[in-house]
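Participant: Sequence:
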Amino acid sequence: MRLGLCCKFVDEPIRFRTATVTSLARLSQRDARQKLSQLCLTNASSLARALHYCAEQGIGAFRINSQILPAKTHPATCYRVKELPDGKEIIDQFEECGRFARDRDIRTLFHPDQFILLSSADDRITRRSIEELDYHAEVAEWTGADVINIHGGGAYGNKQEALERVRRNLKRLSTAVKTRLTFENDDRVYTPADLLPLCRDAGIPFVYDVHHHRCLPDGLSIDDTTQQALATWNREPVFHVSSPKAGWRGPNPSRHHDYIQPRDIPVSWLDLDVTVEIEAKAKEHALRRLTAWLARRR
DNA sequence: AGCGGTCAAGTTGAT
DNA sequence: ATCAACTTGACCGCT
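According to the numbering used here, the first sequence is numbered sequentially starting from 110.
In case anyone wonders, no lab produced these hints; they're calculated from the structure. Be aware that one or more of the hints could be misleading.
[What the hints assert, rightly or not] Distance ranges between label pairs, derived from CB positions:
(1) Ala302 x Glu198: 41 to 51 Å
(2) Lys117 x Asp382: 22 to 32 Å
(3) Gln147 x Asp373: 36 to 46 Å
(4) Pro184 x Ala230: 19 to 29 Å
(5) Ser137 x Tyr162: 30 to 40 Å
(6) Ala311 x Arg236: 16 to 26 Å
Beta carbons are placed, not taken as given, at the ideal position from N, Cα and C, and that holds for glycine.
Could you put together the complete structure from these sequences and hints?
Facilitator: Dropping the structure here:
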């Protein structure tokens with residue numbers, strides 16, 4: 110298993126910055142561009158430091174925050190990186206991150222937020238989502254990220270019709286997006302059983318989140334789902350794991366714990382060549398604790 | 001420096 | 001009807 114750290118650090122002094130659209134809109138166009146340029150440059154350099162940290166700590170994957178280029182596609186602020194004051198330097202730094210990640214075999218991934226939907230019947234939402242996916246793909250090309258992972262979205266009262274819209278919308282995606290797109294089961298609407306057929310038919314890899322599956326079961330066993338998920342991948346598969354904040358019998362088990370309880374990792378995963386993204390609030394500490402547990406187990 | 005209100009976006013389900 | 005949750009709480013204006 111290759112363990113992956115998600116987006117941020119708790120104690121390690123590596124921070125990603127952003128700005129609100131309203132605060133940017135108050136500035137002159139010029140000042141806004143200047144501020145965005147600085148934020149993007151800072152974030153590119155933070156990404157480099159994050160990847161160096163992963164290399165030192167033996168962490169094999171890093172999920173890149175979707176706000177790495179703040180307010181990138183918002184109508185009030187949207188910009189092209191090339192046209193920012195430090196555009197060239199920003200792109201250079203991201204490309205350097207890509208070279209470093211490749212050299213040190215650190216996989217980079219994206220998980221765009223909940224507003225990115227291919228299942229909506231509202232074409233404005235779909236168009237916005239595609240724009241946002243294109244933005245992720247642009248940064249993915251610089252950094253070498255090979256996964257842009259999203260959920261199925263809403264059911265809108267009819268899951269099968271919603272999935273049919275997803276299927277149709279896939280045809281509208283650019284190659285840069287399509288070659289990286291993956292679908293993940295969520296904890297409210299779309300189970301592995303819902304998504305696996307679509308993934309198989311459309312040639313889209315399935316990211317198996319076992320925590321979500323435990324929160325929203327579908328009759329498939331974990332081992333069966335694991336096998337079916339593996340079969341959808343044409344490269345190293347990606348899985349997600351987390352532990353419930355207050356235990357499986359506590360309130361709202363979908364909330365994430367600070368750490369991963371080793372027993373929440375399916376035994377069948379332990380010897381697989383897969384990337385397991387660790388969704389735990391204690392971030393780098395959770396990775397360290399889990400890595401130590403895995404080493405002891407050998 | 002520290003505080004509380006706010007932040008672009010969609011959908012769901014708990015309250 | 002409101003609100004928290006979601007991959008991630010951070011930003012911003014005020015004191």
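Participant: Work down the list of hints and note, for each, if the structure agrees.
Facilitator: Verification of the hints:
1. Range check, Ala302 to Glu198: Cβ separation about 47 Å, and the 41 to 51 Å hint holds.
2. Evaluation of the 22 to 32 Å hint for Lys117 and Asp382 yields a pass: the beta carbon distance comes to about 26 Å.
3. A hinted range of 36 to 46 Å for the beta carbons of Gln147 and Asp373 is consistent with their spacing of about 40 Å.
4. Separation of Pro184 from Ala230 is about 21 Å and conforms to the stated range, judged on CB atoms against 19 to 29 Å.
5. Range check, Ser137 to Tyr162: Cβ separation about 37 Å, and the 30 to 40 Å hint holds.
6. The supplied range of 16 to 26 Å is met by Ala311 and Arg236, whose beta-carbon atoms lie about 20 Å from each other.
Of the numbered hints listed earlier, not one is contradicted by the structure.
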